[in-house]
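Participant: If you read the protein sequences in the order shown, they are chains A and B. Plus 1482 on top of the position in the first sequence (first one is 1) and you've got our numbering. Plus 2 on top of the position in the second sequence (first one is 1) and you've got our numbering.
Derived by calculation from the structure, the hints in this document are not laboratory data.
Taking beta-carbon pairs under 8 angstroms as the criterion, some of the chain B residues facing chain A (in silico):
#: 1; residue: Met3
#: 2; residue: Pro33
#: 3; residue: Arg66
#: 4; residue: Trp68
#: 5; residue: Asn77
#: 6; residue: Lys79
Derived coverage of chain B by chain A (criterion: at least 3 residues anywhere in the stretch with Cβ under 8 angstroms from a Cβ of chain A; other residues may be distant):
#: 7; segment: 39-46
#: 8; segment: 53-63
Each residue gets a CB set at the ideal place from its N, CA and C atoms; glycine is no exception.
Given next are the chains, with one letter for each unit.
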Amino acid sequence: MSENFRSSETKFLDKTNRISFIYNGKKYYGYKGDTLASALLSNGVHLIGRSFKYHRPRGIMTCGSEEPNAIVQIGGNGSFTEPNVRATEQEIYEGLEASSQNCWPSVEFDVGGINNFISPVIPAGFYYKTFMWPRKLWYSLYEPAIRMSAGLGKSPTQPDPELYDHNHLHCDVLVVGGGISGIIAASISADNGNNTVLIDDKNSLGGSTIFQDDENFKIDDEISSVWLNNQIKNIKNKKNLIIKQRTSLAAYHSYNYLLARENLADHKSLNERANKLRQRLWKIRAKKVILATGAIERPLIFNNNDRPGVMLASSVKKYIDYFGVKCGNKNVIFTNNDSAYETAISLNKKGINVTIVDIRGKSSSVLVKNAKDAGIKIYWNHTVVDTKGYRRIKSIQIMEMSEDGTNVIGSKINLVCDNLSISGGWTPMVHLFTQSGGKLKFRDSDQVFLPNTATSDQINVGSCNGDFELDDIIKNTISDCKSFLSSSSTDFDLIKVSCPKQKENKNVWLLPNDKPLGKTKPFLDFQNDSTAKDIKLAMREGFRSIEHVKRYTTTGMGTDQGKLANMHALGIISETAGVKMGSLGTTTFRPPYTPLSFGTIVGRNVGTFFDIIRKTPMHTWHENHKAEFENVGQWKRAWYYPKTNESMNQAVQRESKAARESAGILDASTLGKIDIKGTDASEFLNRVYTNAWSKLGIGKCRYGLMLNEDGMVYDDGVTTRLSENHYLMTTTTGGAANVLSKLEDYLQTEWPELDVWLTSVTDHYATASVCGPNSKNILKKIFPNIEFNDENFPHMSFKNAELDGIYCRIMRISFTGEHSYEINIESKYGKSLWEKCMDAGKEFNITPYGTETMHLLRAEKGFIIVGQDTDGTMTPIDLQMDWIVSKKKYDFIGKRSLYRSDTMREDRKQLVGLLTDNPSEVLEEGAQIVQDEKKQPIEMLGHVTSSYFSPNLNKSIALAVVKNGKKLKGQKLLVPMKDKTIKVTVSDFIFFDNKNERLNA
Amino acid sequence: MFIITCPFCGERDQSEFAAGGEAHIVRPKQPTELSDDEWADFLFMRKNIKGVQFERWNHAHGCRKWFNVIRDTSNDKIHAVYKMGEKPPIK
Ligand SMILES: [Zn+2]
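Produce the complete structure using the sequences and hints provided.
Facilitator: Written out as structure tokens, the structure is:
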């Protein structure tokens, strides 16, 4: 299609730079600087998409981020595609591909359009009411149907290949918005010596003033746009001012912490942006914030106000004055205020046919006089009652309004048009202000919500603060900035401003019609298709709170967050319910202000940078020996070491047997290690563990169980007394950080009198654990100077040692039930230590084993793993570990809770062993345990916590927590699975070597 | 996200800190002599008020010290910060 709606010259576009783009498969042309919307309008394309519920044809309505209708899919299929992009914000580039959303098979002919004709049966709350029951239809019918018709656009099907970044920014003053008040504020701030940042979401500064060439608006005797253009040139030279364009504020949190998205590449062709950053998320901490976010124009609410070609009057002005694009050849302007007359005058100057319909009886504004003088026909005291035209507006019908504005009188007048510019006044953009915790007040005279009290050090200037006239905007911005920034004088102190003043006001939230409301479609929320009728229905059904009405009717719940619709919804509620608008409050505006892509939010934290990866000093050895790894917290732990063609199960069975028959070696470096020093260290351990520590001899080790104050098991591990006042505590791998925090908390807050010092040394030492009947022989070879007999080096004791002159600690402790040693060495020697053990163990077939085998071996011995066999509801008594709970100690963390009536109950869930009737059948961890399958509802007694096939016992073993388990020993229980029920017998949970003979073997 | 002034390190971003619940709940010196109700009161009962609240905070990614904060939970305004063991500077 030829470009035949570009009517006038414009200095804002680069007319030498003609660009082609594809829209719905067709090639069009525009200029560098065009948005997709302006380029489409210049080609006469208005129809952009279909509405969400009724699939009504919809067109471009606005020129900014408030756009409800013109949202498109950018890019073809695959990884670069992005849904829900506002055509009014997307700049065109060579090769841009865009397509309509929410229509099938095409925007011109859409099957879903049938919803429009059945709309009387899709009222507010339709989805809530219809899909309630029968419940069984949910999965087969309702959910698939909703999923198919819901959602706008298509998600990318491949990972996002583009680069995103995060950056911190600290400044004295952040100015948000590059319109005239933002420019003045930034200028005053920078001149006052503040490090200032100005951000604006457009590709050029100046807001709506920059294209204002009406002689009525003058600053210092210049046309306002000329004056502003000079100011913009000035501020670009200021040293302490950073200007970020194409940067939109996403969120404004308390303490002046703000998130802004800088768009670096979306306006560039795919070639130009290859391997470059697409977007950067700025994390801004500003000492002071000045919001100059402006206002957006309100629509008017009348029957069929949603047709393509119905646009906001201020946007029509921007398209003609900024982009040089006329939105129609025959325009009607429908207004309740003077500002729309600026649009009329602009169009008229360009020779475009304009008619005005004004709901007011008259206006004495100079703009109105100018329009009259230009010969523009004005219908005073009239309202639009209907519009015609399916894919584009073709005509409207207007009627005279009754005196009180609640009715229409007389006969209909038909006006032919191809564009209807509507203006219902202005709404200050207070979204960001309220996000920061600011509270609003209501101004009755023009029915706007305005910033009232701020919680942060910030002010609002310009139209977002309720000033809509140029002289008020400029003078208030200057005086407010001066006092906010403690500036005594500015370049603007003698400024002269002249502008037309808004005269007669009239506002009707829902315009009257000759038909009853039930027969009309006055749309409020264009994206979500909610009408005034829906709001009234919700109120008839008893909804009163604005938050409830919003959710029930989905008003304001689209991707535009109801930037256009919310005020009218409030207005209609207040009129219907007879309450003051100010007392209704507004819905909550939540970040982000405009949608952010996930890539922007995650920045560089993707792929391997998603989270920190911790590796032990032996990691490369494990890798070289084909270990499979498992994640334990942030650690990568060797899971098992499969030999060629070995399955996980086969590897674990082999490793488990080898460890018991000769020797195994485990990398235990990830265990948490806390160095404890101080004259009160023993007393401290007494207080944090359930058992007694005072009498532990120097050089001896002891297992300890740590509870929460609620009596539930929190962590466990072996602690070694290295010297009189020096201990080394080990914790579980996952619990290390939390245990340290908990111990520090008690030391600092409850027991500051104790002389105890804690240091995390987890990363300082590497640990190799050698176990099995030949472990002693292997250590003898590595440490020839140490006597490894039971008298000199018994179980649960420790020795200092040296390996090639490097200091080591050897603990004779066991988590497998085998004779076993843990060797700690400074981390950087960990791999050498490991290799020495492997060398020395070669003749004994030393077998490296991973966490899976470790779990199996300890399960054979009935040793618990905190977090697997316990879940924060298990006391030591529940675990049948009464032996470790000191009765003599006066107090320890959690002691008192063990005597609460609930923790003393005898029928609590308790740890037991389970043996399957069929010894080769292995239970599933997490499986539920029941006694009687027939009695409904079936009582769940507990669940399986650990389960393995034991190669050393040649049968299946399991640990489980079972209600009243201690008393059920020997009884039969059932484990129902999806396809069968497994019979089990409750047993002791120590399955192997219950006399601990192997420890000293 | 607010800014907390650690009494040991100075002004830092909230992300460096961990919250530790209500302040000035002293662990009883003789827990075994308390009734179930009295112990439960210490263990479970927290005020969680909307408004000015006395809280414990830990400079977890800094000096790791615990200290007290007087914060208005309705607007995150911090009225005072003081060390463990010190009396609240304001009531
Ligand atoms: Zn600190």
